[in-house]
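Okay, here's what each chain looks like letter by letter:
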Amino acid sequence: MKVYIDVSVLTLATFVTGIQRVTREIAIRLIGMGDVEIILLHYNARKNLFYKINNIAFIDFYAHNQGKKEKMITRQAVELQEIGQGNIFFDLDAAWMSRVKRSYILPVLRQQGARIVAHIYDIISVTHPEYCLQRGVYNFMDYIGAHLQYADGMISNAQATVDELCKLSKHLQVGLPKCHVVSLGADYGNKEIIADSQVPSELVSAVKDKPYILMVGTIEPRKNHKLLLEAYEKGLKDMGYNIIMAGYMGWNMEVFAEVILKHSDYQKRIFHFEGLEDEGITYLYQHARFLAFCSYVEGYGLPIIESIMRGTPVIAADTPVYREIAGDYCIYFKQDNADDLCERLSYYQENEDMYQQLKSWQTDYKAYTWETSAYKIKEILFGYETHT
Amino acid sequence: MSVYEKVYNVVADNLQQAQIPFEYRKSTFLCDVEAHPQDIDVSRFLSLSNQEFMEAVHVAILKRLPDERQTAHWEQRYTLPREQFQQEVLNSIARSSVVAINHIQLVNNPYFVQKEGIKYHMLGMLYGLTDKSSLREFGKRLPQSIQVIIRKVFL
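Sequence order for the protein chains is A and B. Under the numbering used here, residues 1 to 388 are what the first sequence spells out, in order. Under the numbering used here, residues 1001 to 1155 are what the second sequence spells out, in order.
25 Å max Cα-Cα, derived SDA-like pairs, lysine to any residue:
(1) K1026/B / S169/A
(2) K47/A / K1119/B
(3) K1063/B / E79/A
(4) K1140/B / G250/A
(5) K226/A / Q1017/B
(6) K1063/B / N252/A
(7) K1063/B / Y121/A
(8) K1006/B / V108/A
(9) K1140/B / R46/A
(10) K1063/B / M97/A
(11) K167/A / V1003/B
(12) K1140/B / V9/A
(13) K226/A / N1014/B
(14) K68/A / L1142/B
(15) K1026/B / Q173/A
(16) K71/A / H1103/B
(17) K1119/B / R99/A
(18) K71/A / K1140/B
(19) K1063/B / L12/A
(20) K47/A / A1035/B
Cβ-Cβ distance ranges computed for the label pairs, FRET-style:
(21) N351/A / E1068/B: 51 to 59 Å
(22) G136/A / V1113/B: 32 to 40 Å
(23) Q1114/B / V259/A: 45 to 53 Å
(24) D339/A / Q1076/B: 50 to 58 Å
(25) S1047/B / G383/A: 44 to 52 Å
Per the computed footprint, the stretches of chain B lying under chain A, defined by three or more beta-carbons under 8 Å from a beta-carbon of chain A, are:
(26) 1003–1012
(27) 1015–1021
(28) 1024–1034
(29) 1101–1110
In short, the hints are calculated from the structure, not lab data. Don't be surprised by glycine CBs; every beta carbon is placed ideally from N, CA and C.
Please model the complete structure; the sequences and the hints are all you need to start from.
Set out below in structure tokens:
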């Protein structure tokens, strides 16, 4: 069985986060399994051709940080016509950002007898387009429309996303291909303690002052950072909490950025850090009282897992997807309700023994490893091969 | 109704409920789906109104909506006869670096034969730059305003 994976968006990405990170982790492991021939593809828009990526160079670069990214792409062109009967085209990357539309290539692949499987991370662009950049929404409409018509199977990371897909397909009156749920990996097994000397001094002074509530991730409307700020004004401040936000200031956040910058507690009790290395993020998790996850909608919520595995309790908005991935290992507040957020935190403020119990309970949490995720994906792909 | 049109309607409805205007018209999207990455079939756009045509052609070829300056320029020409307007828009876009770099061909174009002169080929050679990760990383460190210009030229 040959599995073709277009990783063009990953290979052009400067920063490997989000979907590109998942693509990298899964692709590395699928190649490493050896019992399935993985053909990674890079799309050249000028030549309108896919080029094969050298798998060894790919692993060297992405797993071992060796070699140059551009050296991975070979001169071996892969014509669309090659991907036919007995082959699987697995859309793992954020391919809607590619110049080659799925509405163009999927019918061709389907006609040639290739099986098509898509990794659908979420359909937020369709269900909640107000939280997304419209250019991305536009591209995603083509992507999801094509996969709903031509995919043989879909893989999502949460049943909540599959439920959304079911609702959408019913609404559109199109059949939904078989959907599978595979949790994402989270390898934070090594509990390395980051020392003060390993991080910037402003981070050290921010964490040492008072207990703090942490938010991690790009600051964008969907993540609802303003709720934490509201909770700060409504009670967290009086409870003695600082707030720390780590992540780039994303699109459409100019007003929020100004509110933060002009806040009288900015850089005294409210902190914002951009561009932190992994050590810096780990350091912030290490010292945080709670990670707050206030998003209106998410496909998964990897920071929740990340935080639990690092021993930092999580308070998250009560949504089906967070319940599904974190279950009882996380405490929940009513979505978009700053009073409830304050109330929950106040309870743990007044009941230190319960807080410690929560921390100790988290040590039992067993997250998927990337190996398990990749193995399950491979099994699913094998299933499609045997149905050819 | 095609699946694509139905998906568009769902997104448009959701945006409307959130009281956010959808910048992309349905005609833009429907002219763009299933399109060949390089061969842009002009005949798909010819029946559109001048404004729709201008927007749809920009998105299909440049992969973005026209910016404010371009919109203001074309707005003044919406009253032109359809054929004249379409020819002017296509002429303008055919000269863009995006067309040269990505080797885009305007096929079934009733107005003119696309020229591929020295400038076209020279610009085309710049494609390699879009693939160089080290250059991209350097670009990411440039001021935002310069990044915007680079994106317009190469992406």
